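Residue numbers (numbering that gives the first Met the number 0), protein chains in the order written: chain A, 0 to 317; chain B, 0 to 284.
There could be a bad hint or two in this list.
[Said to hold, decoys possible] SDA-like cross-link-like pairs, simulated, lysine to any residue; straight-line CA separation at most 25 Å:
hint, chain 1, residue 1, chain 2, residue 2
1, B, Lys19, A, Val183
2, B, Lys118, A, Pro111
3, A, Lys19, B, Lys53
4, B, Lys53, A, Asp58
5, A, Lys132, B, Thr104
6, A, Lys132, B, Asp122
7, B, Lys118, B, Thr104
8, B, Lys19, A, Asp58
9, B, Lys19, A, Lys19
In case anyone wonders, no lab produced these hints; they're calculated from the structure.
This structure is a prediction, so every number in the text was calculated from the model and none was measured.
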Amino acid sequence: MTRETAIRAEGLVKHFKDIKAVDGVDLEVPAGTVYGVLGPNGAGKTTTVRMLATLLRPDAGRAEVFGRDIVEDAAAVRTQVSLTGQYASLDEDLTGLENLVLLSRLYGFGKPAARSRAGDLLEAFGLAFAAGKQVKAYSGGMRRRLDIAASIIITPKLLFLDEPTTGLDPRSRNQVWEVVRTIVGEGTTVLLTTQYLEEADQLASRIAVIDTGKVIAEGTPGQLKSSVGAGSIKLRLHHTDQREHAKTVLAEALRAEVELDDDPVALTARLLPGQDNAVQGAHALSELAKAGILVDDFSLGQPSLDEVFLALTERVDA
Amino acid sequence: MAFTDTKTSTDQDAPAPVEKDRLRKLLAQGERPSPPSAFASARAFAWRSMLKIKHVPEQLGDILIFPIMMLLMFTYLFGGAIAGGTGDYLQFLLPGIMVMSIVMTTMYTGMSVNIDIHKGVSDRFRTLPIWRAAPMVGYLLADVFRYAAAGAVMFGTGLVMGYRPTGGFDGVLLGVGLLLVFCFAFSWLWTWLGLIARSEKTVMSISMSILFPLTFLSNVMVDPATMPGWLQPVVAHTPISQLVDGVRGLFDGNVEASAVITTLIWSAGFTAVFGTLTVRAYNRK
Numbered sequence: 000m001t002r003e004t005a006i007r008a009e010g011l012v013k014h015f016k017d018i019k020a021v022d023g024v025d026l027e028v029p030a031g032t033v034y035g036v037l038g039p040n041g042a043g044k045t046t047t048v049r050m051l052a053t054l055l056r057p058d059a060g061r062a063e064v065f066g067r068d069i070v071e072d073a074a075a076v077r078t079q080v081s082l083t084g085q086y087a088s089l090d091e092d093l094t095g096l097e098n099l100v101l102l103s104r105l106y107g108f109g110k111p112a113a114r115s116r117a118g119d120l121l122e123a124f125g126l127a128f129a130a131g132k133q134v135k136a137y138s139g140g141m142r143r144r145l146d147i148a149a150s151i152i153i154t155p156k157l158l159f160l161d162e163p164t165t166g167l168d169p170r171s172r173n174q175v176w177e178v179v180r181t182i183v184g185e186g187t188t189v190l191l192t193t194q195y196l197e198e199a200d201q202l203a204s205r206i207a208v209i210d211t212g213k214v215i216a217e218g219t220p221g222q223l224k225s226s227v228g229a230g231s232i233k234l235r236l237h238h239t240d241q242r243e244h245a246k247t248v249l250a251e252a253l254r255a256e257v258e259l260d261d262d263p264v265a266l267t268a269r270l271l272p273g274q275d276n277a278v279q280g281a282h283a284l285s286e287l288a289k290a291g292i293l294v295d296d297f298s299l300g301q302p303s304l305d306e307v308f309l310a311l312t313e314r315v316d317a
Numbered sequence: 000m001a002f003t004d005t006k007t008s009t010d011q012d013a014p015a016p017v018e019k020d021r022l023r024k025l026l027a028q029g030e031r032p033s034p035p036s037a038f039a040s041a042r043a044f045a046w047r048s049m050l051k052i053k054h055v056p057e058q059l060g061d062i063l064i065f066p067i068m069m070l071l072m073f074t075y076l077f078g079g080a081i082a083g084g085t086g087d088y089l090q091f092l093l094p095g096i097m098v099m100s101i102v103m104t105t106m107y108t109g110m111s112v113n114i115d116i117h118k119g120v121s122d123r124f125r126t127l128p129i130w131r132a133a134p135m136v137g138y139l140l141a142d143v144f145r146y147a148a149a150g151a152v153m154f155g156t157g158l159v160m161g162y163r164p165t166g167g168f169d170g171v172l173l174g175v176g177l178l179l180v181f182c183f184a185f186s187w188l189w190t191w192l193g194l195i196a197r198s199e200k201t202v203m204s205i206s207m208s209i210l211f212p213l214t215f216l217s218n219v220m221v222d223p224a225t226m227p228g229w230l231q232p233v234v235a236h237t238p239i240s241q242l243v244d245g246v247r248g249l250f251d252g253n254v255e256a257s258a259v260i261t262t263l264i265w266s267a268g269f270t271a272v273f274g275t276l277t278v279r280a281y282n283r284k
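Please model the complete structure; the sequences and the hints are all you need to start from.
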């Protein structure tokens, strides 16, 4: 089955004075998925999103959202998308309820319908208790939720979430993730920008890595990870003085490179590609046990996106 | 213990968990009302400004206290020197000072547009499928309400001080109406400035340097006949002088049709030129 394309961007460019904020970005986002745009601060993520959401005109290149041109047909694009910006897109002087009623009215709901939609959303997002409070009194997590609630007053076909969890505590972050999964589950496409690799890994089915205004890699999280290696085994030992011994045992058992970490009881073995990681892990553990080395903590994993990211950006810098 | 107390209260304030089933139901409704009419969206924005007045009533203070101060100061400080008595001077001054102080308060519009445009909320408004000028018209509609309030307060104060409009109730209403029409039209200059200026401070200093000469170089305080010959025609033809002539005529009961018509033409001009520039700047942002 060929999926509908939510976003197709070709060579998007945006300059601010002499800074090339976005320098030729191509994207192809399949409908009905979470697409992650990953990059450090200042990489051009927000500028890209603002162009796609019709808030900025590109200096060059073109893009379509569900087949509608973002410049020529901006009004049609606006009927399909919602944006939750990096800084809460809410009126701080108004209460949570007033914000949602105002926006519902602006989407065309009549007064009673707007009030009931706003009330329902506040309930669903666990914010009913703060309906009558001014938004300036909301915590960061509450603002984010209200902001996302405002973005789904009308279920959008495409939702832009620009760094939705930056600055949130872990509990609020998990709640935002839950919301994102629920929204995608109902068929909305989500374009999510983030500087957290874990977030992209958790939510996105495809990721574009952006650095200095360019897409430097694109693929599924798995593809990106396997581009830098097969994975690794991480160990924490019970005794510091057994570390050298453990290193020799592992190197022999796995025929792999073993590194000593900064933490004096930890070491990491990089697995060779083409073999089953789990089998190798089990083998490593049994060899260590035979050698009488006590292991406190053991983990087996694919390379983290952190490693992917570092590897990619180093390649570009070189 | 104070420490434990604060902790408990934040716990109580913590939001309830997200209710995924409810959320799913809301998403699935997929109700899509047709976009609001231009008028309905402008009205929604006007409602927003009124809510802001409700939540931040201080902003009304500026707009109500400043005109009263102007009225009291000019009448009692200069009345004797300029007209030989405060009573006569008040009769001459009130329509003009009402124009001056309300026109001066229009600059707050530009500042609030500028503050708004730098906040995330304007991003959201700009991704809505609504009439592009609606947020601006919304501001201006709410501002007209504030100007009307300021006009009423000034007029009330004037009555207490001894002002008597010979044009009667209808004349006063029409005069204030003319003033409001002009202010609505003139404010497009500020919405445009608010959109293109870098900060609210820039907006303020530019507005001041336009408003001071524009309002003082007029017939508000004194009869232009007392000015040097070369200055008289300049002063007589500024939009503010025309507006003051119109309002004064309506208040006094000897309507100057040409001044009223000129004011309406100026108003149409301001709306056409700066309204267009505002919408263009808004689309460019």
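So, going through the hints one by one against the coordinates:
This hinted pair checks out: Lys19 (chain B) and Val183 (chain A) have alpha carbons roughly 12 Å apart, not beyond 25 Å. Of the pairs offered as hints, the one joining Lys118 (chain B) and Pro111 (chain A) is violated, with about 29 Å between alpha carbons and a cut-off of 25 Å exceeded. Taken as a hint, the Lys19 (chain A) and Lys53 (chain B) pair is broken in the structure, with Cα atoms around 44 Å apart against an allowance of 25 Å. The straight-line distance between the Cα atoms of Lys53 (chain B) and Asp58 (chain A) is roughly 42 Å, outside the 25 Å bound, and the hint therefore fails.
A hinted pair counts as satisfied when its Cα atoms are at most 25 Å apart, and Lys132 (chain A) with Thr104 (chain B) does not qualify at roughly 30 Å. In summary, the hint linking Lys132 (chain A) to Asp122 (chain B) is supported, as the alpha carbons are separated by about 22 Å, within the 25 Å threshold. Distance check on the hinted pair: Lys118 (chain B) and Thr104 (chain B) sit about 23 Å apart at the alpha-carbon level, within 25 Å; holds. Note on Lys19 (chain B) and Asp58 (chain A): the hinted pairing is violated, with a Cα-Cα distance of about 41 Å set against a maximum of 25 Å.
At roughly 41 Å between alpha-carbon atoms, Lys19 (chain B) and Lys19 (chain A) are farther apart than 25 Å, so this suggested pair is violated.
Against the hints set out earlier in the document, violations occur for numbers 2, 3, 4, 5, 8 and 9.
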